[in-house]
Structure formats: C-alpha cells, structure tokens
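Peer 1: Taken in sequence, the protein lines are chains A and B.
The opening position of the first sequence corresponds to residue 2 in our numbering, with each subsequent residue numbered one higher.
The opening position of the second sequence corresponds to residue 83 in our numbering, with each subsequent residue numbered one higher.
Don't read these hints as lab results, they were simulated from the structure.
Honestly, I wouldn't trust all of these hints.
As the list claims (entries may be wrong) - Just so you have them, the derived chain B footprint on chain A, three or more residues with Cβ under 8 Å: (1) 24-30; (2) 43-54; (3) 60-71.
Claimed, not checked - In silico lysine-lysine, DSS-like type, Cα no more than 25 Å apart, as pairs: (4) A/K35 x B/K274; (5) B/K136 x A/K35; (6) B/K110 x B/K136; (7) A/K55 x B/K136; (8) B/K274 x A/K73.
Said to hold, decoys possible - Restraint-style ranges between C-beta atoms, simulated for each label pair: (9) B/G179 x A/P82: 48 to 58 Å; (10) A/L38 x B/S143: 22 to 32 Å; (11) A/G59 x B/P107: 41 to 51 Å.
Model, not experiment: these values are computed from the prediction.
All C-beta atoms in this analysis are idealised placements derived from N, C-alpha and C, irrespective of residue type, glycine included.
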Amino acid sequence: MNRMSCEQAMRQFYAYLDHALSGERLAELNDHLKACLDCCDKLQFSRQLDGFVKSRLGDEPLPEGIEARIRKELASEASFPGNGKKE
Amino acid sequence: MTHDHQGSTTGEEPDTRRFEELALPHLKALYRLAFRLIGDATAAEDLVQETYLKAFQSFGSLRSDDSIRPWLFQILSRLATDRYRSTRREVPLEEAGDLDRFSLYNQIADEDPFPYSNRLHDDFLGQFQDDDVRRALAALPEVYRIPVVLVYTEEMSYQELAEVLGCPLGTVMSRLYRGRKTLERELWECAKRRGLVKTWNR
Numbered sequence: 002m003n004r005m006s007c008e009q010a011m012r013q014f015y016a017y018l019d020h021a022l023s024g025e026r027l028a029e030l031n032d033h034l035k036a037c038l039d040c041c042d043k044l045q046f047s048r049q050l051d052g053f054v055k056s057r058l059g060d061e062p063l064p065e066g067i068e069a070r071i072r073k074e075l076a077s078e079a080s081f082p083g084n085g086k087k088e
Numbered sequence: 083m084t085h086d087h088q089g090s091t092t093g094e095e096p097d098t099r100r101f102e103e104l105a106l107p108h109l110k111a112l113y114r115l116a117f118r119l120i121g122d123a124t125a126a127e128d129l130v131q132e133t134y135l136k137a138f139q140s141f142g143s144l145r146s147d148d149s150i151r152p153w154l155f156q157i158l159s160r161l162a163t164d165r166y167r168s169t170r171r172e173v174p175l176e177e178a179g180d181l182d183r184f185s186l187y188n189q190i191a192d193e194d195p196f197p198y199s200n201r202l203h204d205d206f207l208g209q210f211q212d213d214d215v216r217r218a219l220a221a222l223p224e225v226y227r228i229p230v231v232l233v234y235t236e237e238m239s240y241q242e243l244a245e246v247l248g249c250p251l252g253t254v255m256s257r258l259y260r261g262r263k264t265l266e267r268e269l270w271e272c273a274k275r276r277g278l279v280k281t282w283n284r
C-alpha cells in the first residue's frame, strides 16, 4: 500500500527530525526508509546539517545590566503608565 | 489613545512583581532571538526592552501563565517584523518547486568539490566558519528565520511555534521545511562565493 516517493519522503525529513510526525505519516516514512538506502543517507545528512547549524550558532551573552534596566523601565511604567517608549 | 492596561482589573496597582516573576526567566531566550533576528547587540537589547514594556502593558491579555513563553516570543517577533524587516538583506522567497528541487546533499555529491575525499559531505561542512553559518541564517526571509531560529536555539515544539506565529501547524511545518531548504541553498551559495568549493561549469 505504501508508495511514498523519495521526493515526498525528503519533504518530511525535517519534521521527522523535529519529532513532529506521528501516526500514518510517520509510519509511511519509516516504511520508505526501510526500503530506500539513498533516503537514509539523505536523512542522515539532514540530521548532520541540523546539528552542525545548531553547534555553530553558539550563545549570545546577555549585555551586562540588562535585567536591571528592564526592571527599572517596568517600575517606571508602573508608576507613570504610558511614559515608556513604544508605538 | 490610551495604551493597553497591565492589570486585569481596574483601579489596582499593576502587578509588577508577578509579571517579573513570570516574564524575566525568559530574558536570555528572548535576547538570543532578538540578536539572531537583528544581529546587533544594542538594537537587540532595545527590542527586548520594548518587548517587555509592551508585554507589561498588555499583561491582562495573557490567557494563562503557561502561555507566557510563546506570548513573549510572539510580541518580540511582531515588533521585530514591524521595525527591522526593511533594513536587512534577505534572499528572496522562492517558489516551492525550485526549493524542492534543490538538495544540498545532491549538490555536493553532483559537483564533487573534494574529488579525493571519502567524507565528501563532512569535508564540505567543515569548511565553514561560525560567521558563515550565522550570515546564512541571517539572510533567510524573516517568515522562515523566526521559526528556524526558535527550533534551533530554543528547541520549540511545533505547537508552541504555532502560538508564536499565530498560524496553523501545517504552516509551521511548511515554513520550517522551506526555511531549512533556503538555508541549505544559502550555505551552498556562501561556499561558492568564498571559494570554499570549486564548481565545474557543465
């Protein structure tokens, strides 16, 4: 019954890696992968690429004092509503 | 003319402490997104401050405490879209068919930029500096960049993303797919621009 094409399978790879597939869609993709080594390699590359991008994004340190500045602004807004910068 | 009110009842002091307890634990994540969207520390801090101010003013509209995270991200995303979109270099949105046909895996295999390698795809990825990857991500159209960044840096679920973006799950899925395909293409273009791969004109 399952006749998922390679193109259809590839369109699901990222959702698969995000654990966002379930039920019939997941079962169909798994069936396809069992029968298609080429797609297994491509899925493995998508996984590798995801991990690669994540690892290269790194973390941005918070600017020093940012939380205190936000608290101050909120306190000011609470005391004088509408004085803050916005729209 | 009047701004939104921060309390759900009238005549009360706004609940600053409760807001701070709920919202400030997300500061680091919000800043991370702001920085990834704008790429400048000062502008990112401004955007985060603005997000908190707006959230505080609209605190009464928060449906439940559990929704605080997607709600804050939604406010930040919308502010970023309104304020900064036109100032960035973005690759144009592509037709779905063109994107579907592009596969970085196939491109690397077909062009074979490292003819003597038995780890072709690893070697390709190993050429990039952190900044190359950040720039490739920064060039994504915003409609893709926001969900892609949230999945990569916050590991957000599709359900939560649907709340942030205010769209159905199917749209989340398609934006993440197209966003990553566009990122694949950007990485390939970056490799060509920087001479990291030699491509053969056929």
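Peer 1: Determine for every hint whether it applies to the structure shown.
Peer 2: Hints, one by one, checked against the model:
Under a criterion of three residues with beta carbons nearer than 8 Å to beta carbons of chain B, the stated coverage of the stretch 24-30 of chain A fails, only 0 such residues being counted. Only residues whose C-beta sits within less than 8 Å of a C-beta in chain B count toward coverage, and the stretch 43-54 of chain A has 8 of them, enough to reach three; the restraint holds. Proximity of the stretch 60-71 of chain A to chain B, defined as three or more residues with a beta carbon under 8 Å from a beta carbon of that chain, is established by the 8 residues found. A C-alpha spacing of about 35 Å is found between A/K35 and B/K274, which places the hinted pair above 25 Å, so the restraint is violated.
Distance restraint check for B/K136 and A/K35: the Cα-Cα separation of roughly 50 Å exceeds the 25 Å cut-off, and the hinted pair is therefore not satisfied. The hinted pair formed by B/K110 and B/K136 meets the criterion: a straight-line CA distance of about 17 Å does not exceed 25 Å. Proximity of A/K55 to B/K136 is assessed by CA-CA distance (about 30 Å); at most 25 Å being required, the pair is judged violated. Pair hint B/K274 plus A/K73 does not hold up; C-alpha atoms about 48 Å apart against a cutoff of 25 Å.
Here the CB-CB span from B/G179 to A/P82 is close to 51 Å, well matched to the stated 48 to 58 Å. Taking the beta carbon of each, A/L38 and B/S143 are about 52 Å apart, not inside 22 to 32 Å as hinted. Our hint of 41 to 51 Å for A/G59 and B/P107 is violated, since their Cβ atoms are close to 21 Å apart.
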